[in-house]
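Asks: Spelled out, the chains give:
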Amino acid sequence: SAVISQKPSRDICQRGTSLTIQCQVDSQVTMMFWYRQQPGQSLTLIATANQGSEATYESGFVIDKFPISRPNLTFSTLTVSNMSPEDSSIYLCSGGTGNTGELFFGEGSRLTVL
Amino acid sequence: AQSVTQLDSQVPVFEEAPVELRCNYSSSVSVYLFWYVQYPNQGLQLLLKYLSGSTLVKGINGFEAEFNKSQTSFHLRKPSVHISDTAEYFCAVRGHNAGNNRKLIWGLGTSLAVNP
Numbered sequence: 002s003a004v005i006s007q008k009p010s011r012d013i014c015q016r017g018t019s020l021t022i023q024c025q026v027d028s029q030v031t032m033m034f035w036y037r038q039q040p041g042q043s044l045t046l047i048a049t050a051n052q053g054s055e056a057t058y059e060s061g062f063v064i065d066k067f068p069i070s071r072p073n074l075t076f077s078t079l080t081v082s083n084m085s086p087e088d089s090s091i092y093l094c095s096g097g098t099g100n101t102g103e104l105f106f107g108e109g110s111r112l113t114v115l
Numbered sequence: 063a064q065s066v067t068q069l070d071s072q073v074p075v076f077e078e079a080p081v082e083l084r085c086n087y088s089s090s091v092s093v094y095l096f097w098y099v100q101y102p103n104q105g106l107q108l109l110l111k112y113l114s115g116s117t118l119v120k121g122i123n124g125f126e127a128e129f130n131k132s133q134t135s136f137h138l139r140k141p142s143v144h145i146s147d148t149a150e151y152f153c154a155v156r157g158h159n160a161g162n163n164r165k166l167i168w169g170l171g172t173s174l175a176v177n178p
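Chains as they are written, first to last, in the numbering used here: chain H, 2 to 115; chain U, 63 to 178.
Mixed in with the good hints there might be a few duds.
[Said to hold, decoys possible] Residues of chain U placed beyond 10 Å of chain H at every Cβ, according to the derived structure:
#	residue
1	Asp70
2	Phe76
3	Asn103
4	Gly105
5	Gln107
6	Ser116
7	Glu126
8	Ser135
9	Asn177
10	Pro178
[What the hints assert, rightly or not] What follows is a set of in silico ranges between Cβ atoms, one per label pair, in the way DEER data are often shown:
#	chain 1	residue 1	chain 2	residue 2	range
11	U	Gln107	H	Thr31	18 to 26 Å
12	U	Ser173	H	Ser54	19 to 27 Å
13	U	Ser142	H	Asp65	26 to 34 Å
14	H	Glu55	U	Ser173	31 to 39 Å
15	U	Glu126	H	Asn51	18 to 26 Å
16	U	Phe76	H	Asp65	21 to 29 Å
These aren't lab readings, by the way, just hints derived from the structure by calculation. We put the beta carbon where it would ideally sit given N, CA and C, even for glycine.
Chain H extracted, bound-state conformation (with noise of 0.2 Å):
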């Protein structure tokens, strides 16, 4: 298994403002994922973390808003750029080893943003 280490755990940001928010994994995993997930509803995937290269985001996402870092295989990191009341949601990072799917989650993220 592998534990993953997010920072903040919780913030409370201005509109207009981006936080950065870190995830660190204790063992090498082959994929890393960011993760949204709103009040009171299910994980939507915000993007696929690639070493060295531009992530692969989902429909609806774009990386102007959603800027995301992966410079080596244990560590990544998610911006949100410009945020607004419709940001504020629970960020999780995760990530999977092997080809089974099985992903191991951080604590999340909770931002808040006035």
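Given chain H, work out where chain U should sit, using these hints.
Replies: This is chain U only, laid out in the frame that chain H set:
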């Protein structure tokens, strides 16, 4: 492509009673199946998974699930629940093949509320 349906959005149950959380899926390829649990204000934790072999899989905290290919179901069960089992439960599926089928597809979740 795959899809997942969790048939109950909320399941209230009394402590020490049995519980079943239902999950159905659709897929044109063989799948891996997962149940995750999210306790209040926490991230997600893997409860159990079906990859191959025995259709009855046992997970943590006394939970088990049975893969039924003919009914395309993967229902989660526990014979006697505790207050501490109160959480959100998510069913997820992933196709065996590469490409888009490699992404986990999530159900909408079932909120289990265990009452004393």
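Asks: If a hint holds in the structure, say so; if it doesn't, say that too.
Replies: Hint check results:
| no. | hint | result |
| --- | --- | --- |
| 1 | Asp70 | 14 Å, holds |
| 2 | Phe76 | 24 Å, holds |
| 3 | Asn103 | 8 Å, violated |
| 4 | Gly105 | 4 Å, violated |
| 5 | Gln107 | 7 Å, violated |
| 6 | Ser116 | 16 Å, holds |
| 7 | Glu126 | 17 Å, holds |
| 8 | Ser135 | 18 Å, holds |
| 9 | Asn177 | 20 Å, holds |
| 10 | Pro178 | 24 Å, holds |
| 11 | U:Gln107 x H:Thr31: 18 to 26 Å | 20 Å, holds |
| 12 | U:Ser173 x H:Ser54: 19 to 27 Å | 38 Å, violated |
| 13 | U:Ser142 x H:Asp65: 26 to 34 Å | 51 Å, violated |
| 14 | H:Glu55 x U:Ser173: 31 to 39 Å | 37 Å, holds |
| 15 | U:Glu126 x H:Asn51: 18 to 26 Å | 36 Å, violated |
| 16 | U:Phe76 x H:Asp65: 21 to 29 Å | 50 Å, violated |
In this structure, the earlier hints numbered 3, 4, 5, 12, 13, 15 and 16 are contradicted, and the remaining ones agree with it.
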